[in-house]
Amino acid sequence: DGGITQSPKYLFRKEGQNVTLSCEQNLNHDAMYWYRQDPGQGLRLIYYSQIVNDFQKGDIAEGYSVSREKKESFPLTVTSAQKNPTAFYLCASSMASSYNEQFFGPGTRLTVL
Amino acid sequence: DQQVKQNSPSLSVQEGRISILNCDYTNSMFDYFLWYKKYPAEGPTFLISISSIKDKNEDGRFTVFLNKSAKHLSLHIVPSQPGDSAVYFCAAYNDYKLSFGAGTTVTVRA
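Protein sequence lines, in the order shown, are assigned to chains A and B.
Numbered as in the working numbering, the first sequence ends at 124 without a single skipped number.
Numbered as in the working numbering, the second sequence ends at 136 without a single skipped number.
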């Protein structure tokens, strides 16, 4: 049963702490993406990776970091430098032959207290 | 600089009638357009797409229309069903990336 998993679904952290969100896919997709959704707004691209060991900044990369050491995994770290980290975070993946057709995971709701 | 805009934040429609969702874009380099459906606290699911070289694509109850000269696309859902109540996002593709609109919340009334 192929898909994208994100864990945990809800995450709470104290202000000033770094936190890492997990994203795993078993679709054999080459590309992976991280988006952020805030109330009343669309999804905004944080980082994306087209191949292993390579990634690019999206529109709102400041305060975030990623790694792509394995094809199936693309963890996102929300650092203390991110000024408004509370949001719904979505991971997605796509095949190299169709970057436009992205499949999304269930999301992680991060709340910074 | 929002390149994809959905100017109607909400839409209420009676069950069985047509739902029409609108989307405008500014970047003429977009070459693919998609609609996603999203329930609260879940990830978006792909609904339907259209290439920039076409003006219409139909899939069951869902039809997407593209007017390139007006930089406008729309999604028609006929007939609307209670399970269609969700947030619908318009997205446009260019240079390995998707740009999303803010979404339209559709409520289907019984």
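Read the hints as simulated data drawn from the structure, not as lab findings.
The structure presented is a predicted model; accordingly, all values stated were derived computationally and were not measured.
Just so you know, not all the hints are guaranteed correct.
Claimed, not checked - The list that follows gives simulated cross-link-like pairs (lysine to aspartate or glutamate, EDC-like), each with its CA atoms no further than 20 angstroms apart: (1) B/31 with B/50; (2) B/123 with A/73; (3) A/94 with A/112; (4) B/80 with B/41; (5) A/81 with A/35; (6) A/20 with B/50; (7) B/82 with B/57; (8) A/68 with B/121; (9) A/82 with A/65; (10) B/31 with A/70; (11) B/97 with B/41; (12) A/82 with A/112; (13) B/123 with B/57; (14) B/94 with B/84; (15) A/20 with A/49; (16) B/82 with A/65; (17) A/94 with A/49; (18) B/123 with B/50; (19) B/123 with A/26; (20) A/20 with A/41; (21) B/31 with A/49; (22) B/97 with B/121; (23) B/94 with B/57; (24) A/81 with A/41; (25) B/123 with A/112; (26) B/123 with A/70; (27) A/94 with A/70; (28) B/123 with A/49; (29) B/94 with A/35; (30) A/68 with A/26; (31) A/82 with A/49; (32) A/82 with A/41; (33) B/80 with A/49; (34) B/82 with B/50.
Okay, the hints, checked on the actual structure:
With a C-alpha separation of about 5 angstroms, the suggested pair residue 31 of chain B and residue 50 of chain B falls inside the 20 angstroms cut-off, and the hint holds. Our distance criterion of 20 angstroms between C-alpha atoms is met by residue 123 of chain B and residue 73 of chain A, whose separation comes to about 18 angstroms. Among the hinted pairs, residue 94 of chain A with residue 112 of chain A is inconsistent with the structure: their alpha-carbon atoms are about 31 angstroms apart, more than 20 angstroms. Proximity of residue 80 of chain B to residue 41 of chain B is assessed by CA-CA distance (about 30 angstroms); at most 20 angstroms being required, the pair is judged violated.
Using a Cα cut-off of 20 angstroms, the hinted pair residue 81 of chain A and residue 35 of chain A holds, with the two alpha carbons roughly 10 angstroms apart. For the given pair, residue 20 of chain A sits about 33 angstroms from residue 50 of chain B by alpha-carbon distance, which is inconsistent with the 20 angstroms threshold. For the suggested pair residue 82 of chain B and residue 57 of chain B, the alpha carbons sit about 14 angstroms apart, so the restraint of at most 20 angstroms is met. In summary, the hint linking residue 68 of chain A to residue 121 of chain B is supported, as the alpha carbons are separated by about 13 angstroms, within the 20 angstroms threshold.
Only pairs whose Cα atoms come within 20 angstroms are accepted, and residue 82 of chain A paired with residue 65 of chain A is accepted, the gap being roughly 11 angstroms. About 16 angstroms separates the Cα atoms of residue 31 of chain B and residue 70 of chain A, which keeps this hinted pair within 20 angstroms; it holds. Taking the CA atoms of residue 97 of chain B and residue 41 of chain B, the gap is near 30 angstroms; set against the 20 angstroms cutoff, the hint is violated. Of the pairs offered as hints, the one joining residue 82 of chain A and residue 112 of chain A holds, with about 18 angstroms between alpha carbons and a cut-off of 20 angstroms not exceeded.
Restraint check for residue 123 of chain B and residue 57 of chain B: the C-alpha separation of about 11 angstroms stays at or below 20 angstroms, so the hint holds. Of the pairs offered as hints, the one joining residue 94 of chain B and residue 84 of chain B holds, with about 17 angstroms between alpha carbons and a cut-off of 20 angstroms not exceeded. Taking the CA atoms of residue 20 of chain A and residue 49 of chain A, the gap is near 16 angstroms; set against the 20 angstroms cutoff, the hint holds. Taking the CA atoms of residue 82 of chain B and residue 65 of chain A, the gap is about 36 angstroms. The hint is violated against a cut of 20 angstroms.
Distance check on the hinted pair: residue 94 of chain A and residue 49 of chain A sit about 14 angstroms apart at the alpha-carbon level, within 20 angstroms; holds. The straight-line distance between the Cα atoms of residue 123 of chain B and residue 50 of chain B is roughly 17 angstroms, inside the 20 angstroms bound, and the hint therefore holds. A threshold of 20 angstroms between alpha carbons decides the hint, and for residue 123 of chain B with residue 26 of chain A the separation of about 31 angstroms lies outside it, so the pair is violated. Restraint check for residue 20 of chain A and residue 41 of chain A: the C-alpha separation of about 24 angstroms exceeds 20 angstroms, so the hint is violated.
With a CA separation close to 16 angstroms, the supplied pair residue 31 of chain B and residue 49 of chain A stays within the 20 angstroms bound. Proposed proximity of residue 97 of chain B and residue 121 of chain B is supported: the alpha carbons are some 18 angstroms apart, at most 20 angstroms. Taking the CA atoms of residue 94 of chain B and residue 57 of chain B, the gap is near 10 angstroms; set against the 20 angstroms cutoff, the hint holds. Distance restraint check for residue 81 of chain A and residue 41 of chain A: the Cα-Cα separation of roughly 10 angstroms lies within the 20 angstroms cut-off, and the hinted pair is therefore satisfied.
Taken as a hint, the residue 123 of chain B and residue 112 of chain A pair is honoured in the structure, with Cα atoms around 10 angstroms apart against an allowance of 20 angstroms. A threshold of 20 angstroms between alpha carbons decides the hint, and for residue 123 of chain B with residue 70 of chain A the separation of about 10 angstroms falls inside it, so the pair holds. Distance hint between residue 94 of chain A and residue 70 of chain A is fulfilled; the C-alpha atoms sit about 15 angstroms from each other, no more than 20 angstroms. In summary, the hint linking residue 123 of chain B to residue 49 of chain A is supported, as the alpha carbons are separated by about 19 angstroms, within the 20 angstroms threshold.
For the hint linking residue 94 of chain B to residue 35 of chain A, the alpha-carbon distance of about 37 angstroms lies beyond 20 angstroms, and the restraint is violated. For the proposed pair residue 68 of chain A and residue 26 of chain A, the alpha carbon gap of about 24 angstroms is over 20 angstroms, so the pair is violated. Distance check on the hinted pair: residue 82 of chain A and residue 49 of chain A sit about 28 angstroms apart at the alpha-carbon level, beyond 20 angstroms; violated. The hinted pair formed by residue 82 of chain A and residue 41 of chain A meets the criterion: a straight-line CA distance of about 7 angstroms does not exceed 20 angstroms.
Simply put, residue 80 of chain B and residue 49 of chain A have alpha-carbon atoms about 32 angstroms apart, too far for the 20 angstroms limit, and the pair is violated. Taking the CA atoms of residue 82 of chain B and residue 50 of chain B, the gap is near 16 angstroms; set against the 20 angstroms cutoff, the hint holds.
Checked against the numbered hints above, the structure violates hints 3, 4, 6, 11, 16, 19, 20, 29, 30, 31, 33; every other hint is satisfied.
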